[in-house]
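J.: Below are the chains, spelled out letter by letter.
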Amino acid sequence: MVQRTTTASARTRRLSARARLSGWGFAAPGLSLLLLVVAVPLVLAIALAFSSYTFLHTNLLPFTGLANIKESVNDPYFWHSLWLTVGYSAVTVTGEIALGMGIALLLNQDLRMKGVYYAILTIPMAMSPVSVALIWHMLLQPNLGIVNHVLGTLGLPQPDWLGSTTLAFWSVVLVDIWQQVSFVVLILTAGLSALPTEPYEAAAIDGASTPQRFLYLTLPLIRPVAAVAVIIQLINEFRAYDLFYVLTKGGPGIATDVLSYFVYRKAFLGLNINEASAASFGLLIVVLILTIAFYALISRRSN
Amino acid sequence: MQKKGRAWLATLVAVAFAMMFVVSNASAQGATLHILMEDVPETHIIENLLPEFEQQTGIKVDIQKLVYSEMHDKLVTQLVASSSYYNVLEVDFLWAGEFPAAGWLEPLQPYVDKTSFDLKPFIPSMLDLVGNFDKKLYMIPMYNYSMGIIYRKDLLADPALQSAYQAQFNSKLELPTTLKDYVQVSKFMNAHGGVAGAAMQGQRGDPNSMEFSNYLFAAGGHYLDANGKVSLDSAAALDALNLYVDNIQNASQKGALSATLDDTFQLMCQGKAWSMVTYWWMLPQLDNASSCPNVAGKVSLGVMPGGHGESGGWGWAIPHNESPQLKDAAWKFISWVQSKKVAVERALQGHAPVRSDVFEDPSVLAKYPYYKQAEAVVQSGEAFPVFTYSAQYEDVLGRQLSLAAANQAKPADALKAASDGLQQLLTKAQKQ
Numbered sequence: 564m565v566q567r568t569t570t571a572s573a574r575t576r577r578l579s580a581r582a583r584l585s586g587w588g589f590a591a592p593g594l595s596l597l598l599l600v601v602a603v604p605l606v607l608a609i610a611l612a613f614s615s616y617t618f619l620h621t622n623l624l625p626f627t628g629l630a631n632i633k634e635s636v637n638d639p640y641f642w643h644s645l646w647l648t649v650g651y652s653a654v655t656v657t658g659e660i661a662l663g664m665g666i667a668l669l670l671n672q673d674l675r676m677k678g679v680y681y682a683i684l685t686i687p688m689a690m691s692p693v694s695v696a697l698i699w700h701m702l703l704q705p706n707l708g709i710v711n712h713v714l715g716t717l718g719l720p721q722p723d724w725l726g727s728t729t730l731a732f733w734s735v736v737l738v739d740i741w742q743q744v745s746f747v748v749l750i751l752t753a754g755l756s757a758l759p760t761e762p763y764e765a766a767a768i769d770g771a772s773t774p775q776r777f778l779y780l781t782l783p784l785i786r787p788v789a790a791v792a793v794i795i796q797l798i799n800e801f802r803a804y805d806l807f808y809v810l811t812k813g814g815p816g817i818a819t820d821v822l823s824y825f826v827y828r829k830a831f832l833g834l835n836i837n838e839a840s841a842a843s844f845g846l847l848i849v850v851l852i853l854t855i856a857f858y859a860l861i862s863r864r865s866n
Numbered sequence: 005m006q007k008k009g010r011a012w013l014a015t016l017v018a019v020a021f022a023m024m025f026v027v028s029n030a031s032a033q034g035a036t037l038h039i040l041m042e043d044v045p046e047t048h049i050i051e052n053l054l055p056e057f058e059q060q061t062g063i064k065v066d067i068q069k070l071v072y073s074e075m076h077d078k079l080v081t082q083l084v085a086s087s088s089y090y091n092v093l094e095v096d097f098l099w100a101g102e103f104p105a106a107g108w109l110e111p112l113q114p115y116v117d118k119t120s121f122d123l124k125p126f127i128p129s130m131l132d133l134v135g136n137f138d139k140k141l142y143m144i145p146m147y148n149y150s151m152g153i154i155y156r157k158d159l160l161a162d163p164a165l166q167s168a169y170q171a172q173f174n175s176k177l178e179l180p181t182t183l184k185d186y187v188q189v190s191k192f193m194n195a196h197g198g199v200a201g202a203a204m205q206g207q208r209g210d211p212n213s214m215e216f217s218n219y220l221f222a223a224g225g226h227y228l229d230a231n232g233k234v235s236l237d238s239a240a241a242l243d244a245l246n247l248y249v250d251n252i253q254n255a256s257q258k259g260a261l262s263a264t265l266d267d268t269f270q271l272m273c274q275g276k277a278w279s280m281v282t283y284w285w286m287l288p289q290l291d292n293a294s295s296c297p298n299v300a301g302k303v304s305l306g307v308m309p310g311g312h313g314e315s316g317g318w319g320w321a322i323p324h325n326e327s328p329q330l331k332d333a334a335w336k337f338i339s340w341v342q343s344k345k346v347a348v349e350r351a352l353q354g355h356a357p358v359r360s361d362v363f364e365d366p367s368v369l370a371k372y373p374y375y376k377q378a379e380a381v382v383q384s385g386e387a388f389p390v391f392t393y394s395a396q397y398e399d400v401l402g403r404q405l406s407l408a409a410a411n412q413a414k415p416a417d418a419l420k421a422a423s424d425g426l427q428q429l430l431t432k433a434q435k436q
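Protein chains in written order, with my numbering: chain R, 564 to 866; chain Z, 5 to 436.
Honestly, the hints are just simulated from the structure, not real lab data.
Please read these numbers as outputs of a predicted model, since none were measured by experiment.
Incorrect hints may appear among the rest.
Unchecked claim - The list that follows gives simulated cross-link-like pairs (lysine-lysine, DSSO-like), each with its CA atoms no further than 27 Å apart: (1) Lys276(Z) x Lys191(Z); (2) Lys633(R) x Lys276(Z); (3) Lys176(Z) x Lys64(Z); (4) Lys176(Z) x Lys633(R); (5) Lys184(Z) x Lys344(Z); (6) Lys140(Z) x Lys124(Z).
Stated by the list, open to error - Quick look at which bits of chain Z chain R covers, simulated, 3 or more residues with Cβ under 8 Å: (7) 35–48; (8) 75–82; (9) 102–116; (10) 177–184; (11) 223–235.
Unchecked claim - Label pairs and their in silico Cβ distance ranges: (12) Ala856(R) x Asp424(Z): 31 to 41 Å; (13) Lys414(Z) x Thr729(R): 51 to 61 Å; (14) Gln253(Z) x Leu717(R): 48 to 58 Å; (15) Asn622(R) x Asn254(Z): 27 to 37 Å; (16) Gly198(Z) x Arg776(R): 30 to 40 Å; (17) Asp266(Z) x Val679(R): 49 to 59 Å; (18) Gly301(Z) x Pro720(R): 53 to 63 Å; (19) Lys414(Z) x Tyr804(R): 25 to 35 Å; (20) Leu369(Z) x Ser691(R): 22 to 32 Å; (21) Leu717(R) x Thr81(Z): 43 to 53 Å; (22) Trp587(R) x Gln60(Z): 14 to 24 Å; (23) Pro720(R) x His196(Z): 33 to 43 Å; (24) Pro720(R) x Lys344(Z): 51 to 61 Å; (25) Tyr804(R) x Thr36(Z): 26 to 36 Å.
The beta carbon of each residue, even a glycine, is placed where N, CA and C say it ideally should be.
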């Protein structure tokens, strides 16, 4: 009896080993691809950040230690770009979540033609940021653009959307929110539709008002989903580059000179891909710290 | 037997050579050349003539058009790769130091020698700008884009404006000859002409750097002195920057600080500006009744007030990282497109020549009498510093100009920072 049990257990072990092997086999193509497109460039970027490789000196050696990081950090515009990026990310993500939540709550009602609304909402999300920027560049053109034309027809002031040092930043924020909010709406709508109905029924019996139900039921229940949306958008916004490249080129002055544009300048204008990699790591570390901190905060509250 | 063997060997070698010739010719004939070009009228002119080249050589040409600001990055990524997707390069003069220094371009003298291509008709200043680097020929000049002033002559001749100007300044309203007068007329037109005094391209980077260079040269300033030392932090340059800031703040269109070449062109085309400091070949586009009916017949070209404007140009080059067959095909294209016959055909459609024999061609002058002014613009032009980090310097300068224009830096401080930036980059280039 004992011997039979031992044999069965050994067979199970063998089977599970075989199953594990098959699992690895099935996962191998995908993993290899991931390794190729994620891990290899990441390792290469790390190597570049500590090397003397530039577009003019195409050799990793000699390694330069922390010199590239020091060079980037000592650049007088690095810190300005970093803080501007932090501010930009905070403002855009807050705007996207607030607006996205509002739209998601509306879409969570019993509406006619809901499919049409969804279809319209997904259009900006499906567009490339460069196309979005080019369209908005035309719309916001102060002399010939449709936005100022409409404002002028209504007798309202016609702002210099992208040429004013105070407005340019906010103009890019608005364009970004316009494009990104649909993604947040989709995530939050999915979250809202999956919420349990019982607490709402109980709250209705207890006579809770709509704001009370939103504050004490919807918000706590949707928090994990919202946290995911915040983290994804935070990462997206820290990397935002296309809109700035097309709309403002970092100007006027240094009003929209975000860190991703700083990295671009180092790489493609200064030809210093090593310093650009070092600055990118600054960006990566900030995003990583914020993501971990935010995730920890949300998890603790949920627990 | 030995003789017979030798004869066989000779026949074999001859056949091998013949086959190699046929194969290489066949591969050149069946080749497709990919070229990345700026989306400007010059490119469209060349595109119109391509069927002629394809018929003559059997080589297909695929032109991809892009806005200027995105070309450099796209080219660099191809040039650092093991092989370049683009087989013929359109090289701006700002990259004419960087690309050869990085070893990305094929020296062209062997091709010139092999095909007896005549370089003599090319304007020497253009060969210096977009031809030679370190005394080696890497590029063949393609077209020039020296800058001058394009202005509305009808507004200058307007009797009401003339009398108002006379009353205000006690002088005649006419095309200004100094930078100071230009800004004065520009501000006057902005206030009384019902148009922006100047359509200005103040976006940070290439647009504002190129535009400011005209102000600098017009005021008698320079980036470098005769010995190649930085001389930007000078009284003349400060005058130029003060006048530039004055014009952009008080006489330009709304949104000038974020405007590009396209924005200024559209504004001028719609008749909403009196002047623009721009590339001289913009004139035929503006003077075209079908594309710009509001201003056609009312615009004219002049040398930048002050006597000197920014000189610029593009050159053709062959990337180092491609096959010999494609290099040969690329050279066939370059030598065809820059031949006198094709250059004249291009000029008759509005091309900005780099060959003196095209500027002087009777058929060209008969169609475009203003090519005389254009030649004066080209001859009086001065160049932005051409070195390994010219593109980066544009960014450094552009940032300081934008800061000054947006009142975020004093012009003197901005000029000092721009001058220091130039010195640092020159030093860095010398260390390479």
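J.: With reference to the structure, classify each hint as holding or not holding.
T.: We went through each hint and held it up to the structure:
no.: 1; hint: Lys276(Z) x Lys191(Z); result: 14 Å, holds
no.: 2; hint: Lys633(R) x Lys276(Z); result: 49 Å, violated
no.: 3; hint: Lys176(Z) x Lys64(Z); result: 56 Å, violated
no.: 4; hint: Lys176(Z) x Lys633(R); result: 59 Å, violated
no.: 5; hint: Lys184(Z) x Lys344(Z); result: 41 Å, violated
no.: 6; hint: Lys140(Z) x Lys124(Z); result: 16 Å, holds
no.: 7; hint: 35–48; result: violated (count 0)
no.: 8; hint: 75–82; result: holds (count 3)
no.: 9; hint: 102–116; result: holds (count 3)
no.: 10; hint: 177–184; result: violated (count 0)
no.: 11; hint: 223–235; result: violated (count 0)
no.: 12; hint: Ala856(R) x Asp424(Z): 31 to 41 Å; result: 39 Å, holds
no.: 13; hint: Lys414(Z) x Thr729(R): 51 to 61 Å; result: 19 Å, violated
no.: 14; hint: Gln253(Z) x Leu717(R): 48 to 58 Å; result: 28 Å, violated
no.: 15; hint: Asn622(R) x Asn254(Z): 27 to 37 Å; result: 52 Å, violated
no.: 16; hint: Gly198(Z) x Arg776(R): 30 to 40 Å; result: 59 Å, violated
no.: 17; hint: Asp266(Z) x Val679(R): 49 to 59 Å; result: 36 Å, violated
no.: 18; hint: Gly301(Z) x Pro720(R): 53 to 63 Å; result: 36 Å, violated
no.: 19; hint: Lys414(Z) x Tyr804(R): 25 to 35 Å; result: 31 Å, holds
no.: 20; hint: Leu369(Z) x Ser691(R): 22 to 32 Å; result: 47 Å, violated
no.: 21; hint: Leu717(R) x Thr81(Z): 43 to 53 Å; result: 46 Å, holds
no.: 22; hint: Trp587(R) x Gln60(Z): 14 to 24 Å; result: 59 Å, violated
no.: 23; hint: Pro720(R) x His196(Z): 33 to 43 Å; result: 23 Å, violated
no.: 24; hint: Pro720(R) x Lys344(Z): 51 to 61 Å; result: 56 Å, holds
no.: 25; hint: Tyr804(R) x Thr36(Z): 26 to 36 Å; result: 32 Å, holds
Hint check: violations occur at hints 2, 3, 4, 5, 7, 10, 11, 13, 14, 15, 16, 17, 18, 20, 22, 23; the rest are consistent with the structure.
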